[in-house]
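J.: Knowing the structure of chain A, use the given hints to seat chains B, C and D on it.
Listed below, chain by chain, are the residues.
4 protein chains.
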Amino acid sequence: MAKGKVCLAYSGGLDTSCILQYLLDEGYEVIAFMADVGQEEDFEAAKEKALKIGASQCYIEDLRQEFIEELCYPAIACNAIYESVYLLGTSLARPVIARAQIAVAQKEGCFAVSHGCTGKGNDQVRFELAFYALQPSIKVIAPWRDPVFYNRFKGRNDLLDYASEKKIPVTSTKSKPWSMDENLAHCSYEAGILEDPNTTAPEDMWKLTVDPTKAPNEPEDFTIHFEKGLPVKLECKDGDKTEPLDLFLTANTIARRHGVGRVDIVENRFIGLKSRGCYETPGLSMLRSAHIDLEGLTMDREIRALRDQFVTFAYAKILYNGLYFSPEREFLETSITASQKSVNGAVRCRAYKGMFSVIGRWSDTEKLYDESESSMDEIGDFAPSDTTGFISVNAIRLKKYGKAKEEKGESLVTKH
Amino acid sequence: MAKGKVCLAYSGGLDTSCILQYLLDEGYEVIAFMADVGQEEDFEAAKEKALKIGASQCYIEDLRQEFIEELCYPAIACNAIYESVYLLGTSLARPVIARAQIAVAQKEGCFAVSHGCTGKGNDQVRFELAFYALQPSIKVIAPWRDPVFYNRFKGRNDLLDYASEKKIPVTSTKSKPWSMDENLAHCSYEAGILEDPNTTAPEDMWKLTVDPTKAPNEPEDFTIHFEKGLPVKLECKDGDKTEPLDLFLTANTIARRHGVGRVDIVENRFIGLKSRGCYETPGLSMLRSAHIDLEGLTMDREIRALRDQFVTFAYAKILYNGLYFSPEREFLETSITASQKSVNGAVRCRAYKGMFSVIGRWSDTEKLYDESESSMDEIGDFAPSDTTGFISVNAIRLKKYGKAKEEKGESLVTKH
Amino acid sequence: MAKGKVCLAYSGGLDTSCILQYLLDEGYEVIAFMADVGQEEDFEAAKEKALKIGASQCYIEDLRQEFIEELCYPAIACNAIYESVYLLGTSLARPVIARAQIAVAQKEGCFAVSHGCTGKGNDQVRFELAFYALQPSIKVIAPWRDPVFYNRFKGRNDLLDYASEKKIPVTSTKSKPWSMDENLAHCSYEAGILEDPNTTAPEDMWKLTVDPTKAPNEPEDFTIHFEKGLPVKLECKDGDKTEPLDLFLTANTIARRHGVGRVDIVENRFIGLKSRGCYETPGLSMLRSAHIDLEGLTMDREIRALRDQFVTFAYAKILYNGLYFSPEREFLETSITASQKSVNGAVRCRAYKGMFSVIGRWSDTEKLYDESESSMDEIGDFAPSDTTGFISVNAIRLKKYGKAKEEKGESLVTKH
Amino acid sequence: MAKGKVCLAYSGGLDTSCILQYLLDEGYEVIAFMADVGQEEDFEAAKEKALKIGASQCYIEDLRQEFIEELCYPAIACNAIYESVYLLGTSLARPVIARAQIAVAQKEGCFAVSHGCTGKGNDQVRFELAFYALQPSIKVIAPWRDPVFYNRFKGRNDLLDYASEKKIPVTSTKSKPWSMDENLAHCSYEAGILEDPNTTAPEDMWKLTVDPTKAPNEPEDFTIHFEKGLPVKLECKDGDKTEPLDLFLTANTIARRHGVGRVDIVENRFIGLKSRGCYETPGLSMLRSAHIDLEGLTMDREIRALRDQFVTFAYAKILYNGLYFSPEREFLETSITASQKSVNGAVRCRAYKGMFSVIGRWSDTEKLYDESESSMDEIGDFAPSDTTGFISVNAIRLKKYGKAKEEKGESLVTKH
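Residue numbers (the working numbering), protein chains in the order written: chain A, 99 to 514; chain B, 99 to 514; chain C, 99 to 514; chain D, 99 to 514.
Possibly wrong hints are sitting among the right ones.
Covered stretches of chain A, as calculated for chain B (at least 3 residues, CB under 8 Å) [to be verified]:
| no. | stretch |
| --- | --- |
| 1 | 181 to 189 |
| 2 | 225 to 235 |
| 3 | 393 to 401 |
| 4 | 412 to 425 |
| 5 | 458 to 466 |
| 6 | 490 to 497 |
Cβ pair distances, simulated, as ranges [as the list claims (entries may be wrong)]:
| no. | chain 1 | residue 1 | chain 2 | residue 2 | range |
| --- | --- | --- | --- | --- | --- |
| 7 | B | Ser235 | A | Glu318 | 54 to 62 Å |
| 8 | A | Glu316 | D | Thr435 | 47 to 55 Å |
| 9 | A | Glu318 | B | Phe209 | 53 to 61 Å |
Calculated from the structure, these hints are not laboratory results.
Here the structure is a predicted model, which is why all the values come from computation and not from measurement.
Even for Gly, the Cβ is constructed at its ideal location relative to N, Cα and C.
Same shape as in the complex, but just chain A (with noise of 0.2 Å):
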């Protein structure tokens, strides 16, 4: 058409079907793109709607496999968390998302890419700088941000009205009172009647995982086995599972029968406000925290300090927000590889009513951990005398500082 062709981000839902059919009204052509990143959806359905509406084509890619090993492992690797809470289950699909956007946008010659990201969210963010770094040629459409589009619709009403005028049709599912985005990796919820952070999350939310109340009586134990730093074994009574995507679902399906990796937090968003979001993140907890107990067992301490100070906190502010095509992710993702030589081995899990725990673990390459060595019973190959040398050396500066308050009659014997 006229004005060219975009690439819009499709769900099927009301907000993009209005999107695409207000982008065909302005005189765009539209090649519709959905991404499967294992959110539970009729893609199917959603695709027939979009070519109902107008759509030139829809795009279903099947983002499953890059998302787990691109983005969750490296997330496990470097034990990624933001704000001591949140996985990042959301910051983690976009990247993989916006890249074969671009990729649809590039092999249909569109100009512009689009999406229905609200304007005062992390996701519009994360979803634009990738398509920048991605193609800094491309433009980008945005309707919630443009106030011809958000001033024209208000609220949902506007929408069906719309819908309506324009044939576009509505399920008659009626609306949760707060918006979802799910993947594999996690299901998040905010806004709605979440906004309010002293509303407890109804039971009825959660979607992915059991109620810890109505989880199972008994544990269930498994072990997860690590090279590198990346999962390479799960073995759990269903069987021993080795493929990234069939052992990451095995891990979520464990997971959600216990009711594991619910969290419900008020977090900072990349541009300065504040927002409360309940975020279940089943396998993903689990493989991360077994992660954390391995290398305790395999990894140097001062590796392991120097990566958990920077590179762990780095990361996952860049993830969440929406910087992975940068140059100081690809930067700090050496170094997550060069801090995970060592850490190989396998930890023994177990879940049980919204709880995961660590059991024991070993490691059969690396020796860091010296049982005899470290045995308080065990001379072994290390002088207990030697420590007085250690302490008296520490000591000197410590000397000095208490001298110092003694002459300052700030004695540190006197209690606060």
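T.: Same frame as chain A, but now just chains B, C and D:
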């Protein structure tokens, strides 16, 4: 006596009873010192035993209040954690014990202090670095690092023989196949059968908390209030608790009956060995998690990031390594206080079968979270179109990155 | 007037004179505001010009004292530096200017403030972030970011035509082929011919400092005294200076006559562009270097390391990005103060042909340095044999590393 | 001999000559080892002396090339600096010396290595930690930490008496009132009269560089080219130098004749003592400064910030403390390499009377700097109006801060 007075940290057990006798044999006068940091112990029986063996005096010091207020509370305020898992229960008690022991030594005119710590652990370092800062001129007698002593007493049987010879009363209770350290904040288990990191901790080892599978079938809800980052009220079915010791003990009670706070890790000791430890930290783990949650609602993003990356990390390392009485701890504590000015509010919590979760939170005074502003449904005081500029400017650097990649023929769009 | 009052940051130059006129044309009443931060300028002539063009009022605020005490001194106390080279001279002045401008705006009942900063630089960001923190309800008029304005005035000639049309007096001095910003702390040069990063700055560009090759052939020595990390006395051939402004100006005088403090860099702006700048920072660069030296003598190693890695780094970035009025700056300033308690003493300095050097230092009160103890020739209060234990314990981890390498056949002894 | 072979780091001076004799007296066979790291020394005379005293062999190993390539170059690539001032000249040489000494020890079948380092310094720690990592089973004989030895030889006179008794030739040159350590990268001066931190280093102490006041009256210009952060060509009046050793020596020559690279500091040793040191680091200081400059032009802002805050800081500390052969150094070196991919280009430099300055730089391949885009005079591919949105979004958090201040009556507008 000729060789002067020594203040010995005494526990009533076989080791320190033999050390007491040994010091007397060596010609020292011994002042026994016992610290009550909340461990379950028959202090009076131990005192009687110390005096019977030959101590000139035996001090029992109740340090519970200062342990909670001066150590546990700042640890909560900065979310202290070592190597992502360990809440520092043992490390936190050492400074108050060392300080009280030095105070007794000073009162009694002792030229030296002594302890029964082994020569491979962290505790010897923690105690002695504290001793030297508190009183730079103090001498330390550490028998388990003295070759004369440790070559003579090579195992428990040598100690039992010595006790028998010296008529030191020995309790008939069979020694447990691990060693323990208990205080108000936690109980630790290490050594013995736990030295194999793949041996699952036996169920009867855990002392403080109930087995989660035997915990009540009903969740228990309660509310923790904070002011300037410190717990000030615990509302629960047992009433409202506001005194620090009372509040902390009640948090323990709730956590213990629901099996909350068990961890099992391999950690890196200060002296460079790895060590396996199991820890129960019932109340402290809940108070810390609730505190983290409230920071989400009430703390500025950038202060939080700086605090997380530098204060929390450094504070935990300093405490773990026994550097509480140090210039750097004093320095960091100023930052902790400064970071907590706005951490005022309450967190609604739930304990259930080993799991702690947050189900809501509010603050009457802090307004960083603004429901209507964060709302996806309202425009409020914020123009969504502004975000376009925000993204454009953040994209400047990324577009250059993308262009450089294109020029080098390394398309970011191609999958790995 | 109908559209209300605007407080314009006015310099007397062509740009802000045209903006003043433009705002009047647009129907605003304009209050002109000039900040005296020590730049060489005929304030009275500029005031007269502003009033002549049509400003209702023209304020000239002397901010030199607060600029030194509130901004430059804390920067010295934390050794602030951006990207290893830039001493933040421009950034440091912005907060006091923004604050005084808002104070005038409030006094005059202005609904908006305005400035003549370009749309690609750091200064617009620094001023406006400060304005919004100082008075969240303020409006900002930034003509150089307004397409109407910048499309009309595409270059200097358009402005000259407008000035001629509006009868705005224009000084006949030929414009320099770069832009400058001067204050007590520094003078910056950028843009124009300097945009080619390989063009050497012409000798006649440097305004504050003498060409080092033309500086005196004799070095000049002087002594700077610090208390709690702040300069309190400068002893030099011109006498003793103790008042902050006097002391700072004298440091400038010394550095200027010896050509000290020139740098030439390419730096990274907040908005993601790289920019070439030349800076003269005479006194500040000497005061900062002397302060660093004194910290060596008087500051604890670990406080220094924490401060260097976190506080200095973060403080410089915050200032550079214009986040002075922010929670994080308040937070960091607490740490700066806490870190400087012991930084008391004096540094003997030398300036000579562009070079600053330290030739001695002492402290009457701080005793962390102990000549006899550090002496290689004396034993003192320290047993060299203790170091054997210190090394042994530090070697535990490294021996494991060496053994693991040996087992893998990767000898460390072989050269790369 | 009965007690086995020892490889002694031998210098030809009084100390190690006496130690050589002492080891022979003690019944060891001694292999003398001398490392040529570029210090000015008569190696052949020293070898002759070692053999005369009784060494079975004397190895002279030329380590200059590996010293430059393996140590100095990575230090330049990460801008290594300790405590803001010290360029680590001594620390950098230790790893190659220790490695060559262990190689000789292994070749000769020595069970132990020995050195003449004092018991209070950093070098003993650096050498021994390296020895233990390189060969975990090695034994170390450190006479200056052995009470038998240091109680016997309490001062220089005791050594002279011993030398006389044992007929060890002693050079008649009067000992200097300080100790020195020289290599290709630097010369250090400490102890003796320098122990008073307020004693100005005497002019005749400085060995490598000319007194700046006696340096040429004409500045000297030259150009340094880098590839991936490493110097690859030095263009100067003496021609083009590209071989690392040649390039480095030429940089030294230039810096030495212009008096560049002197510093005088009080630093914090690993063992907790403070120490005063004077250092000359001619070529390395210029190469490092030029490298920093080129990073401004060619390196991404965020990689640079991460590298500055973590890699540079940690790398310098690790080197200073003697942890070169460690897991963490290996880990960090991966990051250094990853950070330098784009650091390609050239820097035009000037040396003059102690001062080094940059007068221009360019890169043929890296395009992060874009003259027209950064230009204040051109609009280019960038809309200034975008910055409005950037500022608005960054201001969201700050407006909340300002509002909270207002509500508490703590106006930010009021001066301190």
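J.: Each hint should be assessed against the structure and marked as holding or not.
T.: The hints, checked one at a time:
Chain B is given as covering the stretch 181 to 189 of chain A, and this holds because 3 residues of the stretch bring a CB closer than 8 Å to a CB of that chain, at least three being needed. For a cut-off of 8 Å, the count of residues in the stretch 225 to 235 of chain A with a CB near a CB of chain B stands at 7, and the three-residue condition holds. Coverage of the stretch 393 to 401 of chain A by chain B holds. Counting CB-CB distances below 8 Å, 3 residues qualify, and the rule asks for three or more. As drawn, the stretch 412 to 425 of chain A meets chain B at 5 residues by the rule of a beta-carbon pair under 8 Å; at three or more, the given contact holds.
With a threshold of 8 Å between beta carbons, the proposed coverage of the stretch 458 to 466 of chain A by chain B holds, since 4 of its residues qualify and at least three are required. Coverage of the stretch 490 to 497 of chain A by chain B holds. Counting CB-CB distances below 8 Å, 5 residues qualify, and the rule asks for three or more. Hint check: Ser235 (chain B) to Glu318 (chain A), Cβ distance near 58 Å, so the stated range 54 to 62 Å holds. For the pair Glu316 (chain A) and Thr435 (chain D), the supplied restraint of 47 to 55 Å holds, since their beta-carbon distance comes to about 51 Å.
At about 59 Å, the CB distance of Glu318 (chain A) to Phe209 (chain B) agrees with the hint of 53 to 61 Å.
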